[in-house]
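Using the sequences and the hints given, assemble the complete structure.
Residues per chain are reported as follows:
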Amino acid sequence: MNEVAKQALARTSLGVVATAEAAKAAGATNNLWLLEGIVCKQCKVCQAICYSTDSLCRECLSERLDWKRDLNNAQLQSFTHLYVSFNDFYRESTPWSIGLVDHTNGLRFYVFLVGEIGHNGAEVMLFTAPDMTGQAVLIAIEPGGHAKEQAENFAAELAVLGMDGVSE
Amino acid sequence: MVSRSLNMGHRGVALAAPISVPYHRYTQQPASYFIGVALREMLQAASLDKTACDGLMVSSYSLIPDTVVSLAEIFGMSLNWTEQVPLGGAAGTVGLRRAARAIEAGDAEVIACIGGDTFIPEQFAGLLGRFSNFTIDGVTPYASGGANLPFAILTRAYMEDFGVPREGFGRLCVMQRNNALRYRQALIKKPLTMNDYLSARLIAEPLCLFDCVMPCAGAEGFLVMSEERAKRLRLPYALLRASAERHNGSKDISFPMSFGWGDFKGGLYNAAGFGPDQIDIVQVYDDYPVMALLQMEELGFFELGESSNYLSAEGFKFNNRMVHVNSSGGQLSAGQAGFAGGFMGLVEALRQLTGTALGNQIESVNKALVSGFGMVNYDRGLCTAAAILERS
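Residue numbers (this note's numbering), protein chains in the order written: chain A, 781 to 948; chain B, -2 to 389.
In short, the hints are calculated from the structure, not lab data.
Keep in mind that a hint or two might mislead.
Stated by the list, open to error - Pulled a few chain A residues facing chain B out of the computed Cβ check, cut under 7 Å:
id: 1; residue: Ser832
id: 2; residue: His861
id: 3; residue: Ile878
id: 4; residue: Ile897
id: 5; residue: Asn900
id: 6; residue: Asp911
Note that the Cβ used here is the ideal one computed from N, Cα and C, for glycine as well.
If you want it as structure tokens, here you go:
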């Protein structure tokens, strides 16, 4: 765990995408878990998929929300290669390829893009993984035989970011 | 859509005493200092004692934990009306609208409207990354790109959807830099060529250095009062003809290229009594070039994706009339002093309409359109606003 990053990012764990706890509940097994798909929340009352969830359903304002794992792919809307970061632990590995994807469930997510995804509109496969703070982020990869392996490699690098390769 | 019955018109509301507190690239002074200097300067400009000012509207992200009433105490003021508008680049226009309603209702007589912020570099990353809970959890963990991330993604989509090359944004940036060279208080005074623009270093592809504003400290503000009072005080003033605001207007659009101005532009022009064909100058919120272009398009001057084709060194022609754009250089050249950036267009429009521009006075400016845009919480700006001012 990179404590510097954890403090700098100060994530609220409100579940924009799954927290580590929710991901583990959905099948993740250890600290370097990788989960295919996304984990977000669904309202038990109106069935709406919620993002950002906080504590209430965005549509009907109900408090009755459940975690929901969704394995469907998403579509890349647009992307950038980020050369400037405001935090040192990211800065050492620039450029970062970041995309914005539309999921089939109607939600939109920022993702780390891995591999060669060079055009808007491309179909991408999503994985959820912990970053160096232990909180979940999304990784998008072109669907194919090596997607999971690529995601695992990227997640492993992300987990030790800013720690010179040493994990606690 | 916006209901046709909404009241966007104003009668008898005057703006006066436009003030820009000179910007500082770095400072250790707090936001209250810049806001206080703006207040002092506008009262001096209007020859008013501070006891005559009974309303205060402020906007500032770095004022925390102080508030507008903290400032009332710090500045030794007793007030009948306060407002604090935390809406970023839309705060000036929205704040003006609220102040105008207070004047019309008789809730206050003279209102100081001020946007001001400090800039302390070591605090900046934290402020950017913690803009909202949604930002903290959904945006910042993706390499902490700040606002560059969503606007780079939007800019790429705009370029691809409409076939706009980087030169299109370059024309806007070069034009605004030329304006800044004539604006006394611009922070950036180095001429910018198209080649400079195109060859600048990458920030977030396709955004390069000159697509991004320079953060700084400073303040912008003006007084709002009745026209009758402005006349009695013998102040140069402009009249507020119409204003509107729309928030989360694009909520049902997956990847919006329109954000809310189009929802109210008909009502806005109708309330003003004239349309874009009579506007002499537009001041659009230019946190990124793509947003400046999209505002001109959504407010009715161009079709989506077309504006950059028509930009010249001075502005653009609309119905055979020259319309000037961001005459002080905008934030891209004059600097972005936090939420003061949302007041810059109003202050500059007011100067142009009262013949008091700081070096770049344009002849025969009678009608101005100012638009604001703010609060990128996740993937899009949530707040849109606009105001139409007219020479008295």
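When the least beta-carbon distance from A/Ile897 to chain B is tested against 7 Å, hint result: violated, 13 Å
Take the shortest C-beta to C-beta distance between A/Ser832 and chain B; is it under 7 Å? holds, 5 Å
When the nearest CB of chain B is found for A/Asn900, is that gap smaller than 7 Å? holds, 6 Å
A/Asp911 as chain B interface residue, shortest Cβ-Cβ below 7 Å: holds, 6 Å
Identify whether the interface hint at A/Ile878 stands, where standing means a beta carbon of chain B within less than 7 Å of its own. Holds: closest Cβ of chain B sits about 5 Å from A/Ile878, inside 7 Å.
Hint check, A/His861 versus chain B [nearest Cβ-Cβ separation less than 7 Å]: Hint on A/His861: holds, closest Cβ of chain B at ~4 Å, below 7 Å.
Hint 4 from the earlier list is the only one contradicted by this structure; the remaining hints agree with it.
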